[in-house]
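Asks: Single-letter residue listing:
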Amino acid sequence: FCLMIRRPPRSTLDRSSAASDVYKRQVHGDLNKMMKEGEKNEKVLLMGRRFSGKTSMRSIIFANFHAKDTIKFGFTMEVQSSKVKFLGNLYLNLWDCGGQDLFMEQYFGTLREHIFKDTAVLIYVFDVGSKDVEGDMRNYENSIKALQEFSKGAKVFVLVHKMDIIGEKDKMKVFEEKRALITAKSGEFKVEMFKTSIWDETLYQAWSKIAHFLIPKIDKIETGLNELCTLCATDELVLFEKSTFLEICHIEEKTHKDPHRFEKISNIIKQFKLSLISTNYQFEEMMVKNSKFRAYLFDFTKSSYLMVVISNKDVEETALKMNIDALKPYYEKIISGTTQVLSHIISF
Amino acid sequence: INAEYMGIQIMDLFVLGLPTCGKTSLTKVVFQKLPLHEAHSLSSSNSVDVIPVNNNPYIRFNVYDIPQCVGLDDYCKANPAIVQRVGAMIYVIDAKATPFEKACDYFKQCVAILLKYIVKLNVEVFIHKIDGDTFTKGDEYKLECHKDIQNLIKNELVNAAIDLNVSYYFTSIYDHSLYDSFGKVIQKLWPQIHYIVNMLDSLITRSKIEKAFLFDVLSKICIAADTTPTDPQNYGICSDMIDLFIDMSFIYGRDESEKNAFDDESSSIIELQSVSKTESSNTFLMLRQVENFIALVCIFNEKDLAKKGLVNYNICLLYTSPSPRDATLSRMPSSA
Numbered sequence: 001f002c003l004m005i006r007r008p009p010r011s012t013l014d015r016s017s018a019a020s021d022v023y024k025r026q027v028h029g030d031l032n033k034m035m036k037e038g039e040k041n042e043k044v045l046l047m048g049r050r051f052s053g054k055t056s057m058r059s060i061i062f063a064n065f066h067a068k069d070t071i072k073f074g075f076t077m078e079v080q081s082s083k084v085k086f087l088g089n090l091y092l093n094l095w096d097c098g099g100q101d102l103f104m105e106q107y108f109g110t111l112r113e114h115i116f117k118d119t120a121v122l123i124y125v126f127d128v129g130s131k132d133v134e135g136d137m138r139n140y141e142n143s144i145k146a147l148q149e150f151s152k153g154a155k156v157f158v159l160v161h162k163m164d165i166i167g168e169k170d171k172m173k174v175f176e177e178k179r180a181l182i183t184a185k186s187g188e189f190k191v192e193m194f195k196t197s198i199w200d201e202t203l204y205q206a207w208s209k210i211a212h213f214l215i216p217k218i219d220k221i222e223t224g225l226n227e228l229c230t231l232c233a234t235d236e237l238v239l240f241e242k243s244t245f246l247e248i249c250h251i252e253e254k255t256h257k258d259p260h261r262f263e264k265i266s267n268i269i270k271q272f273k274l275s276l277i278s279t280n281y282q283f284e285e286m287m288v289k290n291s292k293f294r295a296y297l298f299d300f301t302k303s304s305y306l307m308v309v310i311s312n313k314d315v316e317e318t319a320l321k322m323n324i325d326a327l328k329p330y331y332e333k334i335i336s337g338t339t340q341v342l343s344h345i346i347s348f
Numbered sequence: 001i002n003a004e005y006m007g008i009q010i011m012d013l014f015v016l017g018l019p020t021c022g023k024t025s026l027t028k029v030v031f032q033k034l035p036l037h038e039a040h041s042l043s044s045s046n047s048v049d050v051i052p053v054n055n056n057p058y059i060r061f062n063v064y065d066i067p068q069c070v071g072l073d074d075y076c077k078a079n080p081a082i083v084q085r086v087g088a089m090i091y092v093i094d095a096k097a098t099p100f101e102k103a104c105d106y107f108k109q110c111v112a113i114l115l116k117y118i119v120k121l122n123v124e125v126f127i128h129k130i131d132g133d134t135f136t137k138g139d140e141y142k143l144e145c146h147k148d149i150q151n152l153i154k155n156e157l158v159n160a161a162i163d164l165n166v167s168y169y170f171t172s173i174y175d176h177s178l179y180d181s182f183g184k185v186i187q188k189l190w191p192q193i194h195y196i197v198n199m200l201d202s203l204i205t206r207s208k209i210e211k212a213f214l215f216d217v218l219s220k221i222c223i224a225a226d227t228t229p230t231d232p233q234n235y236g237i238c239s240d241m242i243d244l245f246i247d248m249s250f251i252y253g254r255d256e257s258e259k260n261a262f263d264d265e266s267s268s269i270i271e272l273q274s275v276s277k278t279e280s281s282n283t284f285l286m287l288r289q290v291e292n293f294i295a296l297v298c299i300f301n302e303k304d305l306a307k308k309g310l311v312n313y314n315i316c317l318l319y320t321s322p323s324p325r326d327a328t329l330s331r332m333p334s335s336a
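Protein sequences appear in the order of chains X and Z. Each residue of the first sequence is one higher than the last, beginning at 1 in my numbering. Each residue of the second sequence is one higher than the last, beginning at 1 in my numbering.
These are calculated hints, taken from the structure and not from any lab test. Treat the hints with care, since some could be wrong.
[As the list claims (entries may be wrong)] With a straight-line Cα cutoff of 25 Å, these simulated SDA-like cross-link-like pairs (lysine to any residue) come out: (1) X:LYS171 to Z:PRO35; (2) Z:LYS33 to X:TRP199; (3) X:LYS254 to Z:ASP247; (4) X:LYS302 to Z:THR283.
[Unchecked claim] Here chain X is said to cover these stretches of chain Z; the calculated rule only asks that three of the stretch's residues, wherever they fall, bring their Cβ under 8 Å from a Cβ of chain X: (5) 213-222; (6) 244-253.
Just so you know, these numbers come straight off a predicted model, no measurement behind them. All C-beta atoms, glycine included, are put in the ideal place defined by N, C-alpha and C.
Please model the entire structure based on the sequences and the hints provided.
Replies: Structure follows, in structure tokens:
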């Protein structure tokens with residue numbers, strides 16, 4: 001029984017041009033054929049009930065949609081799969097599974113094996129404002145059971161979404177209540193939970209952690225960056241992926257009081273890039289400073305940006321740029337997976 | 001800049017309009033940083049809201065958000081001191097609430113009442129909520145709205161025998177049009193604007209800058225620009241750059257207790273690559289603090305980047321000139 005992945009019927013295309021753009025951006029086809037040599041493919045299942053926000057999230061992170069444009073989306077027709085290139089040679093096969101009850105029955109029934117086998121990550125999305133909590137939990141339980149059968153080693157992330165409708169003081173309470181319910185139904189999986197909303201940086205925090213989990217050899221990148229940090233006497237180094245602007249890893253020499261700053265920066269730069277889309281310009285580099293700090297954002301490797309934060313006034317900008325330019329090929333190799341080390345590094 | 005001379009308070013603004021036309025959301029979004037998605041959940045105002053704008057000694061004014069349920073006439077009678085300071089009336093019309101007869105009728109009433117107390121009044125009409133499918137698909141609907149409203153208002157004013165120039169602006173909280181319109185309204189009220197515009201003009205010619213804007217960073221209103229034609233795209237990019245800059249500074253550039261990160265050395269440079277095939281050099285956006293919460297944002301080309309140091313020097317001169325009257329153009333060194 002082959003998986004029915006097809007273009008949606010006319011009616012959903014007419015719903016809005018934004019919705020049909022989402023479908024047009026996707027790559028349909030036999031997923032096995034997409035594996036080329038040297039590429040690493042990870043299957044990521046995005047599940048949850050209808051209108052929980054899966055397609056909106058995916059469009060904002062991977063397809064450069066603005067949060068306010070996602071309101072126009074209609075429902076997702078069955079499973080929409082897309083292959084997203086992430087950081088060099090890593091490809092994510094993102095399966096956005098439409099959450100209408102009819103489709104979900106198929107996922108647990110006839111399409112069970114096809115959907116749940118070979119999965120690296122399951123991202124389950126709950127709409128925090130949903131009135132049918134029992135139905136939500138039932139679907140979740142079924143997904144966990146099916147995942148247990150076919151992909152025991154998968155990692156499960158749960159996103160409690162649309163948190164913007166909850167008042168600030170009730171957020172933690174509601175989240176902990178959900179956490180209790182969800183951990184009870186999670187079987188043997190150790191689930192990581194996040195509260196998210198498309199209207200603030202929490203969305204980037206959750207997806208950053210998911211991306212972090214999927215990147216192979218991330219410790220090699222971290223050790224490399226550590227060296228760079230000490231060489232250039234910087235306070236902080238952060239590596240961002242080029243198209244999604246998700247934080248990949250960071251080195252902190254000087255502790256900072258805001259642990260959520262990376263997702264805030266992802267959100268900030270992404271918003272700026274989005275506003276440039278309708279103009280003739282493309283973002284290249286940035287420098288921001290005041291009397292207390294300097295921050296530089298450089299084009300680093302083919303698939304990443306590097307942000308350098310310095311509060312030491314003695315560090316010269318030109319020397320920093322020279323060092324980073326000299327090291328680009330070295331990091332290009334690390335990030336693309338091989339580990340050949342360059343014989344020399346210019347020291348500061 | 002001589003504080004005595006420049007410290008004249010700009011005249012205040014009255015924001016009026018029918019209920020639910022968007023007065024409270026637009027004043028709060030611009031002056032109090034209200035997040036956009038909360039703008040829908042604001043409840044109807046039932047009393048006058050005063051927002052003081054006081055970030056800088058040279059740009060100071062108050063914005064009064066007056067709902068219809070508070071009788072304007074009674075309010076003016078009870079607060080003569082406030083009414084004396086009003087320089088402009090912003091009337092907000094919801095472009096989606098056709099027909100416009102009711103809005104224009106209330107407009108006439110407001111104008112008639114205010115003219116009893118104020119001699120010189122700038123009347124600005126914000127055609128608001130210009131967003132959504134009906135307006136983005138083409139300009140015809142926008143122009144139709146404009147024509148309708150303009151005709152209705154003209155008739156109302158003629159019937160009431162009021163002779164007044166009315167300016168119209170299209171606005172929406174979701175893009176730069178709102179900030180742009182507020183900027184134009186404030187520029188009309190700022191007496192020193194001509195001196196500043198002259199200074200900006202000489203700055204850009206002598207430093208080979210393409211375009212320069214002076215922004216109030218907290219409200220992102222453009223308080224002055226040089227006299228070359230403004231491309232709305234460029235204005236939008238500069239405005240977004242301020243957002244980016246303020247957010248980044250907020251994260252890294254302040255200590256625990258401070259509430260703001262915009263200090264004397266605040267500056268930023270963003271390099272943009274042009275996607276069109278005709279241009280081969282990159283464009284640079286430069287932002288530089290010139291006063292408390294006032295930033296100069298310039299756009300220039302890569303080939304003129306070597307002049308960066310010169311631009312900085314020129315800006316310092318702009319900043320320290322004793323008073324606008326004395327700042328003669330010969331003080332600006334020309335770029336050799």
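Asks: Counting residues of the segment 244-253 of chain Z whose CB is closer than 8 Å to a CB in chain X, do you get three or more?
Replies: Holds, because 8 residues of the segment 244-253 of chain Z bring their Cβ atoms closer than 8 Å to Cβ atoms of chain X.
Asks: Between LYS302 (chain X) and THR283 (chain Z), does the CA-CA distance stay at or below 25 Å?
Replies: holds (21 Å)
Asks: Are LYS33 (chain Z) and TRP199 (chain X) close enough, with their CA atoms no more than 25 Å apart?
Replies: holds (15 Å)
Asks: Given the hint that LYS254 (chain X) pairs with ASP247 (chain Z), does the C-alpha gap stay at or below 25 Å?
Replies: OK: LYS254 (chain X) and ASP247 (chain Z) at ~20 Å, within 25 Å.
Asks: At least three residues with a C-beta closer than 8 Å to a C-beta of chain X: is that true for the segment 213-222 of chain Z?
Replies: Contact hint for the segment 213-222 of chain Z vs chain X: violated, 0 residues under 8 Å.
Asks: Keeping to a limit of 25 Å between CA atoms, is the pair of LYS171 (chain X) and PRO35 (chain Z) held or broken?
Replies: Holds: LYS171 (chain X) and PRO35 (chain Z) sit about 18 Å apart, inside 25 Å.
Hint check: a violation occurs at hint 5 only; the rest are consistent with the structure.
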